[in-house]
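**Student:** Sequence:
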Amino acid sequence: MQRRTFLLAGTAALLLPLPATADGPGRAMLYKNPQCGCCEGYAAYLRENGFEVDVKATNDLAEISRKAGVPEDLEGCHTMFIDGYVVDGHVPVNVVRKLLSEKPAIAGITLPGMPMGSPGMAGTKTEIFTIYSVTKDGKPPAVYATE
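Residues -22 to -1, 1 to 125, numbered by mature numbering (1 follows the signal peptide of the UniProt record, and there is no 0), are exactly what the sequence shown covers, in order.
None of these hints come from the bench; they were simulated from the model. You can take every hint at face value.
Computed cross-link-like contacts, SDA-like style, restricted to lysine to any residue with a CA-CA straight-line distance of at most 25 Å:
1. LYS114 with TYR63
2. LYS45 with GLY62
3. LYS45 with PRO82
4. LYS34 with ASN11
5. LYS103 with VAL71
6. LYS117 with GLY91
7. LYS103 with ALA22
8. LYS45 with LYS81
9. LYS76 with LEU52
10. LYS45 with ASN11
11. LYS114 with GLU41
12. LYS45 with ALA35
13. LYS103 with ASN27
14. LYS114 with SER79
15. LYS34 with ASP61
16. LYS45 with PRO118
17. LYS76 with THR102
18. LYS76 with VAL33
19. LYS34 with TYR63
20. LYS34 with ALA46
21. LYS76 with MET94
22. LYS34 with LEU78
23. LYS45 with ASP115
24. LYS45 with ARG5
25. LYS117 with ALA83
26. LYS76 with PRO118
Estimated spans, in silico, between C-beta atoms of each pair:
27. GLY28 with LYS81: 14 to 22 Å
28. ALA35 with ALA120: 26 to 34 Å
29. LYS45 with THR104: 28 to 36 Å
30. PRO118 with GLY28: 31 to 39 Å
31. ASN72 with GLY101: 17 to 25 Å
32. THR102 with GLU26: 18 to 26 Å
33. LEU78 with THR108: 13 to 21 Å
34. ALA22 with ASP115: 30 to 38 Å
35. ILE106 with ARG75: 12 to 20 Å
36. GLU26 with LYS117: 32 to 40 Å
37. ASN11 with PRO49: 13 to 21 Å
38. CYS14 with LYS45: 17 to 25 Å
39. THR102 with ASN37: 30 to 38 Å
Beta carbons: idealized from backbone N, C-alpha and C, even for Gly.
Between the sequences and the hints, there should be enough to build the whole structure, so can you do that?
**Tutor:** Next comes the structure, spelled out in structure tokens:
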């Protein structure tokens, strides 16, 4: 009887839907403010570049960024999780790919604010984008890449 119960429980567990996650390679979970349109533009940009992106609207974006270790003064307008890293803001796809291929010992990267001309944002790029590392050890962020 115990074996039968075990088999039934195991089968039921396999058939239950799993919670939505974005932990497969190249699959991202992007959290955004419900009213933000540029974040949808960024998700579309990532999809056009081969990434699978799930988007979730939230009113707790600052809290999500904080829990991910992104310093308040370096927050972008959305927070994305991919392959164990946080990517905050409108980070260009080649920098995201660099992060995923190099696999550095950091929590992630961030492009602060909403720079004009960045992926998903309107306008023409007028300045160099500075992407910072988000550290795991409490050390100050360092420049990870410039674009």
